[in-house]
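Engineer: Going down the list, the sequences are from chains A and B. Convert by adding 1 to the 1-based position in the first sequence; the result is the number in the working numbering. Convert by adding 3 to the 1-based position in the second sequence; the result is the number in the working numbering.
Bear in mind the hints are in silico, worked out from the structure with no lab data behind them. Hints may contain errors.
[To be verified] Stretches of chain A that chain B covers, calculated by requiring three or more beta carbons in the stretch to come under 8 Å of a beta carbon on chain B:
hint : region
1    : 50-57
2    : 68-79
3    : 104-117
Cβ coordinates follow ideal geometry from the N, Cα and C atoms, glycine included.
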Amino acid sequence: MLEIKGLEVKLEEEDKQILKGVDLSIAPGTVHAIMGPNGSGKSTLSYVLSGKDGYDVIGGEATLDGEDLLELEPEERAAMGLFLAFQYPVEIPGVGNMTFLRTAVNAQRKARGEDELSAGDFLKVVREKAKSLKIDADMLKRPVNMGFSGGEKKRNEILQMAMLEPKMCVLDETDSGLDVDAMKLVADGVNALRSEGRSFLVITHYQRLLDHIKPDIVHIMADGRIVKSGGPELALEVENNGYADILSEVA
Amino acid sequence: MALAKLKQDVTDARLAAVSLPEGAAWINAARNDALTRVAAMGLPTRRDEYWKYTDPSSITAVDAPQAAILDNDEGPLFADVDRVKIVFVDGVFDEDASDDLTAEGVTIERLADVAASDIHWAKDLYGVLEARGQKPVARPLAALNTATATDGVVIRVTAKAEKPINLIYLHNDASSDAVLHNLVKVEAGAEVTLLETGPAASRFSKLLEVDVAEGAAFHHVRAQGRDHERRAVTHCFARIEKEATFKSFTLTFNGVLTRNECVLEIIGDDASAHVAGACVGDGKDFHHDDTVFITHDAVNCESRQVFKKVLRNGATGVFQGKILVKEGAQKTDGYQISQSLLLDDDSQFLAKPELEIYADDVACSHGSTSGAIDEDALFYLRSRGVPEKIARNMLTLSFLAEALEEIADEGLAEELRDRLESWLNRHS
Ligand SMILES: Nc1ncnc2c1ncn2[C@@H]1O[C@H](COP(=O)(O)OP(=O)(O)OP(=O)(O)O)[C@@H](O)[C@H]1O
Ligand SMILES: [Mg+2]
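With the hints as constraints, model all of the structure from the sequences given.
Structural biologist: Here's what the structure looks like:
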């Protein structure tokens, strides 16, 4: 599904390289996790995949189902089925959550040549999905993420993901800032979406989320590279011993 | 004191071309007084502090510059609103295009008819609020309007008006020079909504005097637009009495020169005055100026100024806003915000927010900002599949939202929001 080969990225404004040759291959229906010390480039990878400005790709490639992602506009990547749950969801005053969601859903449908959802059908689906994530009607009426607590913002990301039904979901620290119950809600939301044709890349610092969302493969990222990959036990090792052992082992 | 030479020359030239209309004795006197005020103050020039950011020369010139009539397939605004339509074409009343000037709760007359009556209540309003509003800042163009206006409407509201009154200003003649003067007297406890729409004229001088009596409510929603080359100088003078509500919102599209002055005097306790504006301008000859002066002269009153401008391709926006809290006007709550969204580096926003406070127990705040589209918000929307152009327009509309929220009637607000959206779609 997602193939990343030798991806090298520097900042546009500064002479600073962040990704130094990332290789990652995610098969359909699988869940991959990325762990790694602060500042190792995890969020940068997620931004570059989804098309944020400010980065120069200086080497390598990234394809989704064989199509070159890096040439596309962010909205085209989204319409192809790429989704990023942000580490820091953005507040947008003056744009209603519902208007935003409906515009997004219908824009993607249109880009894929599908019929737009009617206002009624849309409302029905949103209400149902919001309910399972314990997002109340009042939150849906408010401007995007405005006045939402940290955990509410993260749940709102999962709601968007559920509405957009992407095939490649990148979750950047969706677990941070969540209480135990909210973590369970979010994990249930993710697990409900798991299917043969849908893959996940879960960026996290903690084993806890991975207890709920069982990864097939765990990668360790350090200084802009994937330095080690393994099974779920790798996450446990990080949880117990930190990164020091792994980093010295690969150095 | 003698006027500066440039000012004297401009004033002499313009006044030489003016002949006062003839009417009943009371209005002749009001017009003569106004003309005397103009001669004493002199017409504005760029050297005046109050006109530092806006060049009035095309307004004070003897002849109105041409303004092409733009073709645009949008239908008239508020077509589905049940309202009394009063149509002026290039500043001249069009009886055939207008509705019967009747609605329950209001009496509507033409200024031309009122001016011919020997006795009329309008005597106590015509030019009266304008003259009061000449201090502390001179507004000679308003006095010139009082002196020379021959047409307009005179509205008296005695109860909750059955439906809104819509003044529709059509522009058909590329060299029209129109002057209209409207009066609205909202009596105690009464309520009315005044709508004003249309591009009006090549050069338009329009003045509105509003008296909002105790417990009365005046709602004003205006849309100026369409023709890019048009020029307009408008004034609104309002006197707001005890427990009264005044709410005015203006949407402006296009125009090489628009100066909207709003001069509000709150004279009764527990009253509220809101004035808001949203404008969208495209091109380096777009120039839009909101100039507001709110005087608080009573206890426990609230005022709000909310002005938002979207400027692109070298457009210029101006805001001059003042809150004056007089001695004894305790518990005043005054809020003022003026913001611009600059869609490129060539556009500019010039703001002069002012507070002058002579009471000690007041809460007044003001703020002015200029900014660009929030890139993080833009990326967030696009990452969800919203195409860039739509995402930009969504963020632009959201920037304007706070001003549109000042419109009490949801339906009217929605219609203006749709117009804004289609303007943005045409201009991006
Ligand atoms: N726009 C930017 N300007 C300056 N430095 C940047 C920018 N974006 C990323 N960086 C730097 O790149 C490095 C990687 O950042 P990134 O956010 O990808 O790390 P991360 O692995 O997601 O960290 P964390 O676990 O703390 O979220 C950091 O050193 C960061 O400071
Ligand atoms: Mg990060």
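Engineer: None of the hints should be skipped; say for each whether it holds.
Structural biologist: Checked hints:
no.	hint	result
1	50-57	holds (count 4)
2	68-79	holds (count 5)
3	104-117	holds (count 6)
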